[in-house]
Amino acid sequence: MMRLSDKHILLLATGFGSGKAPFSPGTFGSAAALPFCALIWLSGLAFGTPFSFLLVTALVIISVVVAEEAVKLLGEKDPSCVVIDEFAGMFVTFAGVTLTWKVALAGFLLFRFFDILKPVPVRTLEKVLPGGAGVVMDDVAAGIMAGLVLQIGIRVLG
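In this text, residue positions in the sequence shown follow the UniProt record's numbering: the first is 1, and each later residue adds one.
Since the hints were made in silico from the structure, they are not lab data. Worth double-checking, as some hints may not be accurate.
Pairs of lysine to aspartate or glutamate, EDC-like flavour, derived with a Cα cap of 20 Å [stated by the list, open to error]: (1) LYS118 to ASP6; (2) LYS127 to GLU76; (3) LYS7 to GLU68.
Here are the simulated distance ranges between beta carbons [stated by the list, open to error]: (4) LEU4 to VAL156: 21 to 29 Å; (5) VAL128 to GLY75: 19 to 27 Å; (6) PHE113 to LEU11: 22 to 30 Å; (7) GLY158 to ALA38: 15 to 23 Å; (8) LEU105 to LYS20: 20 to 28 Å; (9) PHE36 to LYS102: 24 to 32 Å.
Idealized CB from N, CA, C, for every residue including glycine.
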């Protein structure tokens, strides 16, 4: 099995460097995820297709593995520069929707709201899950909450 170098692990974990922003690395990481979300949509793999749910699941699993390795390399429980979890959360937010610029903006804002607020289910996952799973799964939970609100908003507002 191919093993990524430490340099490549950290490149992925920091969202291609977006997590090294001098302030609000989570927000910068979430913003850096948007072009990747758009790329998936533009490639014809619309977020509403069954294949896209498999893709999002695979990306979440990869994020957990990469975050686990980054936590070990950096020697911190949840390093602020590790933003691959924001990528996972953003992908989850958009699962099941057609991506437009309005939906992308609303999804970004909703995800950041739930990720920063950390309601009980989000906070609980962060505390009880170890390593990479704890780093990523709270953002997945925030993405699920943001995605549900986004779905409701799309249906109510059109």
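Comparing the hints with the structure gives:
A C-alpha spacing of about 30 Å is found between LYS118 and ASP6, which places the hinted pair above 20 Å, so the restraint is violated. Taking the CA atoms of LYS127 and GLU76, the gap is about 14 Å. The hint holds against a cut of 20 Å. A hinted pair counts as satisfied when its Cα atoms are at most 20 Å apart, and LYS7 with GLU68 qualifies at roughly 14 Å. Taken as a hint, the range 21 to 29 Å is violated for the pair LEU4 and VAL156, whose Cβ atoms sit roughly 43 Å apart.
Between VAL128 and GLY75 the Cβ separation comes to about 21 Å, which falls inside the hinted range of 19 to 27 Å. Here the CB-CB span from PHE113 to LEU11 is close to 28 Å, well matched to the stated 22 to 30 Å. In this structure, GLY158 and ALA38 meet the distance hint of 15 to 23 Å, their C-beta atoms being roughly 21 Å apart. Remark: the range hint 20 to 28 Å for LEU105 to LYS20 is upheld by a beta-carbon distance near 24 Å.
The supplied range of 24 to 32 Å is broken by PHE36 and LYS102, whose beta-carbon atoms lie about 19 Å from each other.
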